[in-house]
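Trainee: Chain A is already provided as a structure; the job is to place chain B on it using the hints.
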Amino acid sequence: MAPANQEEEVRLLGKWPSPFSNRIVLALKLKGVSYKYSEENLANKSDDLLKYNPVYKKVPVLVHNGNPIAESLVILEYIDETWTNNSFLSQDPYERALARFWSKTLDDKILPAIWNACWSDEKGREKAVEEALEALNILENEIKDKKFFGGETIGLVDITANFIGYWVEILQEIAGLELLTIEKFPKVFKWSQEFINHPVIKEGLPPRDELLAFFKASASKK
Amino acid sequence: MATNDLKLLGGWFSPFACRVQIALSIKGLDYENIVENLNSKSDLLLQSNPTYKKIPVLIHGDKTICESAIIVQYIDEVWKNNATSSILPSNAYAKAIARFWVSYIDDKFFNSLRYGLFAQDDESKKKYFDELEEVLLKLEEVFNKLSEGKGFFGGEKIGFIDIALGCYLSWLKVKEKFTGTKMFDEAKNPGLVKWAEAFSAHPAVKGILPETDKLVEYAIAMAQGLAAAATAAPK
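Going down the list, the sequences are from chains A and B. Going by the working numbering, the first residue of the first sequence is number 1, and it counts up by one from there. Going by the working numbering, the first residue of the second sequence is number 1, and it counts up by one from there.
Excised from the complex, chain A in its bound form (with noise of 0.2 Å):
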């Protein structure tokens, strides 16, 4: 048994902006676990990051108990299997196995495709919102009827879809785009409703006028 004053050190390093770093802030407040943060400057890394993450020198990091852990999907599965209170991973294989397709699906195909027609120029636009429309069909056919891509309660394709749920809306305001809209997918846009508005999510997303500030700015060094 541990002795009664070692304290468990969680120490996350991120950045506010990144979604990828955001996911890790929900599965922590999920599980109710308070931890350290600190805000890096991905222009000028600190010793800590350069130590914690040699491979890649990037955020999210998390640090328990000295022990580093990097890769977002990598940390989240840590986290639900470290701490087992307010599961966000099913138990059953299947759906574990499902839950890591989608998640996996997310990051490899769904984000990259909005992010570039986001970030488009006039030459590459037509196509690239093209396939950000097709990535977020396929999202529409996955979510289906359920309140939550992980059923009733959130699960981890749901934290994974943050990007989906709170910053597609700003990027696509800032580009002037129109890609997900209650008219083109209902099921997905309500999904995002859903999902801003879960008590725990709320309270762990950025602050709008401040991620569309910052947004902003990033779009006209641009």
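Among the hints, erroneous ones may be present.
[To be verified] Now the stretches of chain A that chain B is said to cover, found in silico as 3 or more residues with beta-carbon under 8 Å:
no., stretch
1, 71–85
2, 104–118
[As the list claims (entries may be wrong)] Not close to chain A: a few residues of chain B, all C-beta gaps over 12 Å, as computed:
no., residue
3, 11
4, 150
5, 180
6, 188
7, 193
8, 206
[As the list claims (entries may be wrong)] Pairs of lysine-lysine residues, derived as DSS-like cross-links and limited to a Cα-Cα distance of at most 25 Å, are as follows:
no., chain 1, residue 1, chain 2, residue 2
9, B, 80, A, 104
10, B, 138, B, 150
11, B, 175, A, 57
12, B, 54, B, 150
13, A, 109, B, 80
14, A, 104, B, 108
15, A, 104, B, 63
In case anyone wonders, no lab produced these hints; they're calculated from the structure. The structure presented is a predicted model; accordingly, all values stated were derived computationally and were not measured. Where a beta carbon is used, it is the ideal one built from N, C-alpha and C, also for glycine.
Mentor: For chain B alone, coordinates are given in the frame of chain A:
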């Protein structure tokens, strides 16, 4: 009769399908092995993996599982059996480390190998193969740390990282034939050299990795196909 009602949609040429075969072999499971022709995909494949239309796909009764690393974890979790056949470690942190390195291998290692092999010009080839060398130096470090003096990344027995990286060995041998240089530099990667021998000789692996000559033929045909598509495709 496949008593476990298992079907694998795969291909002898695919390192990803091999991973699933090795995992099934470790667990001692019978399955129906269906070899797909990627130039003429079966209806079953297109229906089972509509998102990517890729192999491998594991069909277990009425369940369909895609993506090799996900399939391997599924197999490990369903057939928990005993400690000697477990593929992922039981400790949460060790699991996270294994998953991290498999993700790294599928990103950095895979991309530098495949782009290097099929690059159209010498400059690109050199760039990717130089990157591959850096990756192998990193993996040598990882091997030394995780194996703790034993034969595999998983320690005494083959684990998730071994299976993920090991299935690329046949394609590394193709690179050897194409470039004339050994797949591992014995001075820089002595650990990986020994590991590759041990992996290839492992009872669960024997007979699954394709023969080099056969794969070389396949790779040449692939390269020709890619070159033809590149000249034909409208830009």
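Trainee: Run through the hints listed earlier and report the numbers of any the structure violates, in increasing order.
Mentor: 11, 12, 13
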